[in-house]
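Q: Residue numbers (our numbering), protein chains in the order written: chain A, 56 to 278; chain B, 56 to 278; chain C, 56 to 278.
It should be emphasised that the hints constitute simulated quantities derived from the structure, not laboratory data.
None of these values were measured; they are calculated from a predicted model.
Ideal Cβ placement from N, Cα and C applies to all residues, glycine included.
It cannot be assumed that every hint is accurate.
Claimed, not checked - Here are the computed distance ranges between Cβ atoms for each label pair: (1) R215(A) to P79(B): 42 to 48 Å; (2) E93(B) to D90(A): 46 to 52 Å; (3) P253(A) to M56(C): 58 to 64 Å; (4) E93(B) to D63(A): 55 to 61 Å; (5) S265(C) to D184(B): 45 to 51 Å; (6) D234(C) to E128(B): 52 to 58 Å; (7) H122(A) to E127(B): 49 to 55 Å; (8) R238(C) to E127(B): 44 to 50 Å; (9) D63(A) to S235(B): 53 to 59 Å.
Take a look at the letters that make up each chain.
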Amino acid sequence: MPILDREDDVFVLDLGAGENRFHPDWIAAVHAALDEVEKADGPRALVTAATGKFWSNGLDLDWLFAHADRHEEYVVSVHGLLARTLSLPVVTVAALQGHTFAAGAMLSLAHDFRVMRADRGYWCLPEADINIPFTPGMSALIQSRLTARTAHEAMLTARRYGGTDALAAGLVDRVADEDSVRRTAVETARAQAAKAGPTLGTIKARMYASVLETLRDTAAPLG
Amino acid sequence: MPILDREDDVFVLDLGAGENRFHPDWIAAVHAALDEVEKADGPRALVTAATGKFWSNGLDLDWLFAHADRHEEYVVSVHGLLARTLSLPVVTVAALQGHTFAAGAMLSLAHDFRVMRADRGYWCLPEADINIPFTPGMSALIQSRLTARTAHEAMLTARRYGGTDALAAGLVDRVADEDSVRRTAVETARAQAAKAGPTLGTIKARMYASVLETLRDTAAPLG
Amino acid sequence: MPILDREDDVFVLDLGAGENRFHPDWIAAVHAALDEVEKADGPRALVTAATGKFWSNGLDLDWLFAHADRHEEYVVSVHGLLARTLSLPVVTVAALQGHTFAAGAMLSLAHDFRVMRADRGYWCLPEADINIPFTPGMSALIQSRLTARTAHEAMLTARRYGGTDALAAGLVDRVADEDSVRRTAVETARAQAAKAGPTLGTIKARMYASVLETLRDTAAPLG
Numbered sequence: 056m057p058i059l060d061r062e063d064d065v066f067v068l069d070l071g072a073g074e075n076r077f078h079p080d081w082i083a084a085v086h087a088a089l090d091e092v093e094k095a096d097g098p099r100a101l102v103t104a105a106t107g108k109f110w111s112n113g114l115d116l117d118w119l120f121a122h123a124d125r126h127e128e129y130v131v132s133v134h135g136l137l138a139r140t141l142s143l144p145v146v147t148v149a150a151l152q153g154h155t156f157a158a159g160a161m162l163s164l165a166h167d168f169r170v171m172r173a174d175r176g177y178w179c180l181p182e183a184d185i186n187i188p189f190t191p192g193m194s195a196l197i198q199s200r201l202t203a204r205t206a207h208e209a210m211l212t213a214r215r216y217g218g219t220d221a222l223a224a225g226l227v228d229r230v231a232d233e234d235s236v237r238r239t240a241v242e243t244a245r246a247q248a249a250k251a252g253p254t255l256g257t258i259k260a261r262m263y264a265s266v267l268e269t270l271r272d273t274a275a276p277l278g
Numbered sequence: 056m057p058i059l060d061r062e063d064d065v066f067v068l069d070l071g072a073g074e075n076r077f078h079p080d081w082i083a084a085v086h087a088a089l090d091e092v093e094k095a096d097g098p099r100a101l102v103t104a105a106t107g108k109f110w111s112n113g114l115d116l117d118w119l120f121a122h123a124d125r126h127e128e129y130v131v132s133v134h135g136l137l138a139r140t141l142s143l144p145v146v147t148v149a150a151l152q153g154h155t156f157a158a159g160a161m162l163s164l165a166h167d168f169r170v171m172r173a174d175r176g177y178w179c180l181p182e183a184d185i186n187i188p189f190t191p192g193m194s195a196l197i198q199s200r201l202t203a204r205t206a207h208e209a210m211l212t213a214r215r216y217g218g219t220d221a222l223a224a225g226l227v228d229r230v231a232d233e234d235s236v237r238r239t240a241v242e243t244a245r246a247q248a249a250k251a252g253p254t255l256g257t258i259k260a261r262m263y264a265s266v267l268e269t270l271r272d273t274a275a276p277l278g
Numbered sequence: 056m057p058i059l060d061r062e063d064d065v066f067v068l069d070l071g072a073g074e075n076r077f078h079p080d081w082i083a084a085v086h087a088a089l090d091e092v093e094k095a096d097g098p099r100a101l102v103t104a105a106t107g108k109f110w111s112n113g114l115d116l117d118w119l120f121a122h123a124d125r126h127e128e129y130v131v132s133v134h135g136l137l138a139r140t141l142s143l144p145v146v147t148v149a150a151l152q153g154h155t156f157a158a159g160a161m162l163s164l165a166h167d168f169r170v171m172r173a174d175r176g177y178w179c180l181p182e183a184d185i186n187i188p189f190t191p192g193m194s195a196l197i198q199s200r201l202t203a204r205t206a207h208e209a210m211l212t213a214r215r216y217g218g219t220d221a222l223a224a225g226l227v228d229r230v231a232d233e234d235s236v237r238r239t240a241v242e243t244a245r246a247q248a249a250k251a252g253p254t255l256g257t258i259k260a261r262m263y264a265s266v267l268e269t270l271r272d273t274a275a276p277l278g
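The shape of chain A in the complex, shown without the other chains:
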């Protein structure tokens, strides 16, 4: 389960050591961590890291198949997590040490910056291959953070991007060796810790107003 730690001005949220899929309890734990980050005072920033082979593999499809009647509620909660991360009033950096797939990839895009391991692990939106169309809110999020060309290729072809390709396509901002992914992310976050506060929150909320509105529109198609 996600665990929050603090190194001076930088909170480090570790998403876990498994596939780190979005189980309802996992989502609740991430929200609790974000609550703590938001409630804290003074300069601060957030790094979202993980341990092992995966950063996050996205939706918890096992749980979802076992709770088909809660499908709509579940998607609303995933949208809520993406929207909250996108508009968090502190600078956020995703430290992608492992595979970052599907809704996991979307959660990484909801961060302000991404550092990815250079030599192993893939960033991938497999939805076109597994026959799950992006919801309008997910589509809006992805398109708002990428060039039209990269969004089109990533969303239609389900291409798996290694670190170097992900950097070239603008999916991530930096690549690093396995040993330095988290440290690079922490340094990036620390340099922006003084930005934390309501002004930053307003800037993000206005930049992504239409994305946030689509993510929070429970009347839009959810599947």
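Go by the hints and put chains B and C onto chain A.
A: This is chains B and C only, laid out in the frame that chain A set:
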């Protein structure tokens, strides 16, 4: 006139050996080809190619001047072709062996990917030079597929991009020798043939929802 | 105060030799210059230059603090200047010989193209540092002219971009030596002088319709 052929999983639509302008009959023939591609079953993708010096020179201005009273209906039909191509539920690749101008250039942007001949032929939006402003729908289409910088330069300066410049500006995804433009496009399309189907259609329709709405809004300015 | 000059087809507007902040009188003088450019006939283009260490340092905060009761009216007038520049029916080029900050940077983005001095001077949006969130209209303008990645970094981190970095990030289109910034801008403008006219105005107005609407929406948050 446009002719549809099939090479295994890849349909190849040849737009013609002339200027391949959008005469009403030509538009109808393209639609008939797209009908066939849509109706087919199983893995499939589309390459839109042409023969000779032009891929397409855009609107059929001769026909339009001779039928001024049908101007509005004509623009609606052009918008319809662009919208349908943009949301086709198979992966589409434009094989630009020759000049690709004006509405021809827009039709190329409605494809998922573009391969352009490296050493001859231009991609150009001459509208600012010939005093025909882009309709809001055309503007939305062009802007949705390019970086802001490339769209601005292409739409305001009517610059003619050769293959290498078009690649650098992100107007096309690949360049190739004269002999291999079509083959490269077919290979690109074949690799994505398994994506064909309603999920891909939904992904495209949601990504470009606002563009499609503007293209189909017959109340918007058409000239 | 701003002074308008003409070199054949190219109008050169010099924003001044000071910090060239947006005092109401300064704004009025810029509008008077734009009136003259708009009213002129025939081929023409506009270069907006300045003299000294600054191109423009943005809002006149001294004036604004002394006239707190006119805050809303002031922001409306700044929005109006940005909107008018963005939709001017002639090609516009900003010749950035010195610091270009905050609303000054936004005014530069409202031009069609930017040439920046390579070796000195910064382009910067310091709003996140000085606790002044971008208005929705300013946010829309900035985001409409930059890649998502550059807009995100520039707006959230208040990074100061020197000429070379600004070129790499796509904030400017060209860099030049101190001596040739203005000349390069004039040459760029002259090459597009024949484009002046209502078609160009319509193309710009349609490309940036939603930005212009947001800038002109006096009901939107202004602070």
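Q: Evaluate each hint against the coordinates.
A: Consistency of the hints with the structure:
no.: 1; hint: R215(A) to P79(B): 42 to 48 Å; result: holds (44 Å)
no.: 2; hint: E93(B) to D90(A): 46 to 52 Å; result: holds (49 Å)
no.: 3; hint: P253(A) to M56(C): 58 to 64 Å; result: violated (37 Å)
no.: 4; hint: E93(B) to D63(A): 55 to 61 Å; result: holds (58 Å)
no.: 5; hint: S265(C) to D184(B): 45 to 51 Å; result: violated (26 Å)
no.: 6; hint: D234(C) to E128(B): 52 to 58 Å; result: holds (56 Å)
no.: 7; hint: H122(A) to E127(B): 49 to 55 Å; result: holds (52 Å)
no.: 8; hint: R238(C) to E127(B): 44 to 50 Å; result: holds (47 Å)
no.: 9; hint: D63(A) to S235(B): 53 to 59 Å; result: holds (56 Å)
When the structure is compared with the earlier hints, violations turn up for hints 3 and 5 and for no others.
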